[in-house]
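Protein chains: 2
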Amino acid sequence: MKNHVKIFRMKTSMTQEQLARNVGVTRQTIGLIEKGMYNPSLNLCIAIAKQLNKTLDELFWEVDE
Amino acid sequence: MKNHVKIFRMKTSMTQEQLARNVGVTRQTIGLIEKGMYNPSLNLCIAIAKQLNKTLDELFWEVDE
DNA sequence: ACCAAAAGCAATATATATATTACAAATGTT
DNA sequence: AACATTTGTAATATATATATTGCTTTTGGT
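Protein chains in written order, with full-length UniProt numbering: chain A, 1 to 65; chain B, 1 to 65.
It should be emphasised that the hints constitute simulated quantities derived from the structure, not laboratory data.
All clues given are correct.
DSS-like cross-link-like pairs, simulated, lysine-lysine; straight-line CA separation at most 27 Å:
#, chain 1, residue 1, chain 2, residue 2
1, A, K54, B, K54
2, A, K50, B, K50
3, B, K11, B, K35
4, A, K50, A, K2
5, A, K54, B, K50
6, B, K50, A, K2
7, B, K54, B, K35
8, B, K2, B, K50
9, B, K2, A, K50
10, A, K50, B, K6
11, A, K35, B, K50
12, A, K54, B, K2
13, A, K54, B, K35
14, A, K11, A, K50
Quick look at which bits of chain B chain A covers, simulated, 3 or more residues with Cβ under 8 Å:
#, segment
15, 32–42
16, 53–64
Model, not experiment: these values are computed from the prediction.
Heads up, the beta-carbon is just placed ideally off N, CA and C, and yes, glycines get one too.
Using the sequences plus the hints, can you model the full thing?
Below, the structure written as structure tokens:
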């Protein structure tokens with residue numbers, strides 16, 4: 001796992017589409033980030049973190065591959 | 001200021017060029033990130049953080065604009 | 001089991017991060 | 001002040017994040 005977006009998103013019972021809309025990207029982008037197949041931009045990471053009430057470190061730092 | 005890369009890089013007395021080489025990008029990219037004119041990729045942010053012995057949050061989280 | 005919503009996936013298009021090269025400006029050292 | 005090193009900046013080229021559309025598969029509720 002390359003990040004914890006999926007887990008924390010599910011804890012808030014948000015759908016990929018809701019999170020995507022809230023941070024201003026498409027559902028596909030969120031899906032690919034959760035799968036670890038995208039290398040998202042810092043601004044998007046920050047937007048996602050704020051939506052999930054987490055910090056960058058909690059979502060993206062030292063995630064055991 | 002959009003991030004703290006410049007301050008922490010200078011504390012290690014690394015030049016932009018040295019940091020750039022160590023993280024595998026060009027000097028220009030580092031320069032523009034320090035100026036806040038680029039929206040770097042997460043992977044690059046992580047590489048920079050590791051080079052500076054800092055975490056993502058310390059470099060990029062809640063930086064007072 | 002059925003059905004609806006959610007998520008996966010694939011193709012093509014677009015925007016932008018990053019590279020490359022070159023030169024100008026600034027900074028530091030003597 | 002002169003010089004070398006570092007940093008700023010600008011033009012063009014390339015790679016890749018992200019959008020768009022459409023369809024398939026999975027998941028969850030009844």
